[in-house]
Amino acid sequence: MKNKIVLPVLTAAVSLVGAGCATNAHYVQTGGNQSVVTIGQINIQDYMQAADAMTGELLASGALGRVANPPAVLAVSRIVNNTGQQIDIDLLTKKIRVALLQSGKAVTTTTMGLGGTAEDPMAQGLQQENDFKSDVKSTRTPDFTLSGKIIQLAVKAGNTSQSTYSFQLSLTDPKSGLAVWEGEKEITKQGTRSSVGF
Amino acid sequence: MKTGIYLTLAGALLLTVSGCKTSVNSVENAQKTGQRQMVSDQRAVTDKKLYNRVSIVGVNSAMTPGGFLKVQIELLNNTRSPQQFSYHFEWFDANGMQITTLAPVEVPDQIQGGEDKFISSLAPTAECRDFRVKFIAN
Chain A
1 MKNKIVLPVL TAAVSLVGAG CATNAHYVQT GGNQSVVTIG QINIQDYMQA
51 ADAMTGELLA SGALGRVANP PAVLAVSRIV NNTGQQIDID LLTKKIRVAL
101 LQSGKAVTTT TMGLGGTAED PMAQGLQQEN DFKSDVKSTR TPDFTLSGKI
151 IQLAVKAGNT SQSTYSFQLS LTDPKSGLAV WEGEKEITKQ GTRSSVGF
Chain B
199 MKTGIYLTLA GALLLTVSGC KTSVNSVENA QKTGQRQMVS DQRAVTDKKL
249 YNRVSIVGVN SAMTPGGFLK VQIELLNNTR SPQQFSYHFE WFDANGMQIT
299 TLAPVEVPDQ IQGGEDKFIS SLAPTAECRD FRVKFIAN
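Chain order of the listed sequences is A and B.
Sequential numbering from 1 applies to the first sequence in this note's numbering.
Sequential numbering from 199 applies to the second sequence in this note's numbering.
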């Protein structure tokens, strides 16, 4: 009799717990505390944190305000990927560019790029055409260039893995060639396996 | 035989417990040069467990030379073990409208047992006048 009651109740409880833990596909907040955390890769929340921290530091420094004609014009230079993975640098730089534009302190040129390659070739062509037709040159040279590096440092002790990602950026005044602001954000992740949540 | 097992278990338990405990000693200048502009705050606590463990000591703010509002919050870990939490800042303009910039950044953080630490953030635009910070236990 006891078994007849206890067994179904236990089975139901176990299946309920199991169902509660099962994860069907669902939406989570990007970069939120339900995001997947991996040790050997840079996750979206890492890019978000690095971009947010460094944008805050850059704006607080006041370096962008020291230009003759605000807002400052920014050109994105080389950002070296020294990690063991293939990454799209725009995951970092686009967030910084958007935040700087929204702050009203800087705009980024899309017609000038490293090695003459423009992000927007059509805009570059039109700008060159306008400059050719007009006596007054419309092209505004950048007040600053943004360069940097992303470095990964991985270590292991027994089953525990640890990765430190160092996001480094420099804001250079091309007239003087001096870095007027430099920022670094380090993110360290440790564990034995990947997980969901912070 | 049984005593041996109990002693081993007790030792393992002691090691586990002592391994989780942390404590922080600190020293600072007694006569402060800088004066903090404290902000009177309004709190909404739904996670009492987290609030009792990591309490908010005070909130102060300042304006940067570029006209951005900077907010700093002092936190205190009331326990003797490290606490993990995440937080994110929300910003509002002069009309009380939330300023939505990029996706809100949740910053994971840790505070050692008994530690007193500061977290801070800079407003994304010069139009920000008010703020709200959300804390979530990890």
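Just so you know, the hints here were simulated from the structure itself, not pulled from any lab data.
A couple of the hints might just be wrong.
Said to hold, decoys possible - Covered stretches of chain A, going by a simulated chain B footprint (3 or more residues, C-beta under 8 angstroms): (1) 29-39; (2) 48-54; (3) 60-74; (4) 100-111.
For every residue, glycine included, the Cβ atom is placed at its ideal position computed from N, Cα and C.
Would you pick out the hints that fail for this structure and give their numbers low to high?
Violated hints: none; all satisfied.
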